[in-house]
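K.L.:
Sequence:
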Amino acid sequence: MKLTALKTMAATVALGVSMAGAAFAADLRIAYTGYSTDNTFWIGVAKAAAARADEMGVELLDLTASSPDAAAQKDAVDRAINMGVDGIIIGSVDNRAFDASLDSAKRKGIPVVAVDTGIEHDHVSSLVQTDNLAAATIAGGYIVDQLDAGTVLILGGSAGHQTGNARRDGVKNAAEAAGHEVIFQICDWQDACAYETTVNFLQSNPDIKAIFSAWDPGALAAVSAASELGKLEDLVIVGFDGNPANLVSIEAGEQAATIKQDNTRMGAEAVSNLIGLIKGESVPAFTPIDGILITSDNVAEFK
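So the sequence shown is residues -25 to -1, 1 to 278, counted in mature numbering (1 follows the signal peptide of the UniProt record, and there is no 0).
Simulated from the structure, these hints should not be mistaken for laboratory data.
Honestly, I wouldn't trust all of these hints.
[Said to hold, decoys possible] Computed cross-link-like contacts, BS3-like style, restricted to lysine-lysine with a CA-CA straight-line distance of at most 25 angstroms:
1) 81 with 278
2) 206 with 22
3) 83 with 254
4) 22 with 254
5) 206 with 184
6) 49 with 22
Whole structure, please, built from the sequences with the hints as guidance.
P.N.:
This is how it looks when you write it as structure tokens:
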């Protein structure tokens, strides 16, 4: 009888703890603001974050702007703080824009997780990100393997952007170590700039034999520019993200390769880490996500 009573009591306690945890989760409201809603990669991050929040019984407010706008994103973070959300996930347009906002979040005890791009502030407790330097080093190694000689043109992101800098450095270091000249141009993640830069440099520098774009739509812009100039067959063009349109381009023999980011895992891990922080649990300060090199040899596996 005593054993049965103890078992019943244990089951009751366990049920109570489970119900309390569910209630705790159901009461949580978190905010997410990504780079934009018009970017394939970020659409995937947002969907994964929403799915993980739903799975955990947490309300997620997506405050992402329709296009990349650092000021609008800072306003979204400030709005989330004023709403009194329990936590915030930021996929930053400009990782230098949030100091005052994060100071405010710190004072109010609202934990913050960064996804894709690091934010240098002591209140950002967790970063979920592709290991950009390692992944770009793989891309750089691939480019080097394809070239006997020639210059490498790198189409970059924004000045001082942690993610863009890491992708630039991975390719730049690998190419220069192999004896190739490297030209780097900031494009602010803008496809039109990638197109115009490609046209200008291909016309003025016939020694360019490879182009690396730090984001996949920029690589497609480079493909278009090179194709219009009749120089596509002479170039190795590599992107970064693993977007569906780029996989089609690789399969068609236009773009040579891309680095796939696991945006689904990034969105899900960011939510899990944030909920852990809200609950007072220990979460990794850095959750690295491996990048995968996709070429014509394995593109069919990812379509």
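K.L.:
If a hint holds in the structure, say so; if it doesn't, say that too.
P.N.:
For each hint, the structure was consulted:
1. 81 with 278: Not OK: residue 81 and residue 278 at ~42 angstroms, beyond 25 angstroms, violated.
2. 206 with 22: Violated. Residue 206 to residue 22 sits at ~38 angstroms, over the 25 angstroms cutoff.
3. 83 with 254: Answer holds: residue 83 to residue 254 is near 15 angstroms, not above 25 angstroms.
4. 22 with 254: holds (23 angstroms)
5. 206 with 184: This hinted pair holds, its Cα atoms lying about 10 angstroms apart.
6. 49 with 22: holds (21 angstroms)
The structure fails hints 1, 2 (numbered hints given earlier, in ascending order).
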